[in-house]
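Chains as they are written, first to last, in this note's numbering: chain A, 178 to 323; chain B, 39 to 138.
Some hints here could point you the wrong way.
Derived, one-sided and incomplete: chain A residues facing chain B with beta-carbon distance under 8 Å [to be verified]: (1) Pro202; (2) Ile262; (3) Ser282.
Derived Cβ-Cβ restraints for the label pairs, each shown as a range [claimed, not checked]: (4) B:Gln40 to A:Arg190: 40 to 46 Å; (5) A:Ser236 to B:Leu106: 35 to 41 Å; (6) A:Ser292 to B:Asp56: 26 to 32 Å.
Just so you know, these hints were derived from the structure itself, not from any lab.
Every residue gets a Cβ at the ideal spot worked out from N, C-alpha and C, and that includes glycine.
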Amino acid sequence: MDLGLNDLIDGKRIVQIDADSIPAPPQSPHPGDHLIVNCHYNIEMAKPPSTDLYDAARSDGLEIVRRLAEKPAVRKFVSLVVRVIGHFPDPQMQRPARRRIYEVSVLSNNLPTGSRPISRADLKRMGAVEGSQIDDVAELLHQTTH
Amino acid sequence: MQVADEELVNFGFSHRDDINPATGPRSYWFRFADIAHLTLPQVQAAIGELASAGQRGAKFMRACGIPLKAFVLRPGIGFFGLDEYTIDVPVMVRFSIEIR
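Throw the hints in and build the complete structure from the sequences for me.
Spelled out as C-alpha cells, the structure:
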C-alpha cells in the first residue's frame with residue numbers, strides 16, 4: 178500500500194516503511210480493518226543512549242501520523258497504528274533482534290486536521306495511545322556496547 | 039494435527055523442534071484464535087516482523103508445546119489489540135506446519 182511516505186526513507190535512519198490493512202482480532206472492542214504502518218530503522222541507529230533513540234523514533238512516528246491524517250483514504254480504517262522498529266545486533270547472536278522503539282495508536286475518527294506537527298496536547302485530545310519496548314531496547318543496547 | 043484456539047503459535051523460516059532464538063533470549067508468541075483469520079503477510083504486519091515471532095518470508099507456523107501459563111502476557115497496545123506472550127527460555131515445539 179503506497180501512502181506517499183517513501184520520501185521519508187533516507188537509507189540512513191529509515192530504511193523501510195510498510196503499510197497494511199489488518200482486520201482486528203475476533204474479540205477486539207474495535208472490530209474492522211486497522212491500518213498498521215511499520216517503519217524500520219537502519220541498524221546503524223542502534224546506539225545508546227536509548228532515550229535519544231526513543232526521541233528520534235517518536236518524532237518520526239508522529240510525522241507519519243501527521244502525514245497520514247491528511248489522507249482521506251486513511252480515515253476509512255478503524256484506527257491507525259504506527260510503529261518504529263529498531264534492529265539491534267549482538268555479536269553472539271545470528272541475527273539482529275527487532276524491537277518496537279515507539280508505537281502510537283489513534284482512532285481514525287480522532288485523527289487531527291491541519292498540517293502542523295502533532296504536540297503532546299494534540300495526542301491527549303486525540304485519545305492516542307503510545308507504547309514502546311524501550312526497556313528491552315535499553316537492555317539490547319547495553320549488550321551491544323559491553 | 040490441529041491447533042486449539044488457546045494454543046500459542048509463532049512463525050519462522052524453518053521447521054523447528056524447539057525455539058531457542060538466534061536473536062536474543064526472548065521469543066514472542068500469539069494465541070491462535072487471535073491470528074487465525076489473517077493471511078501470513080497480515081500476521082507479519084500485525085506482529086511487526088519481530089524476530090523470533092513473525093519474520094518476513096516466514097513459511098512455517100510453530101505450535102507451542104508448553105502451557106500458556108508459562109508465558110508473560112503483554113496486552114496489545116492501543117485499539118488494534120493483538121496480545122503478545124513472551125518467554126525468555128527455550129520453548130519445545132509441538133509441531134511445525136508449512137503454510138502458504
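These are the hints, each one checked on the structure:
| no. | hint | in the structure |
| --- | --- | --- |
| 1 | Pro202 | holds, 4 Å |
| 2 | Ile262 | holds, 6 Å |
| 3 | Ser282 | holds, 2 Å |
| 4 | B:Gln40 to A:Arg190: 40 to 46 Å | holds, 45 Å |
| 5 | A:Ser236 to B:Leu106: 35 to 41 Å | holds, 37 Å |
| 6 | A:Ser292 to B:Asp56: 26 to 32 Å | violated, 51 Å |
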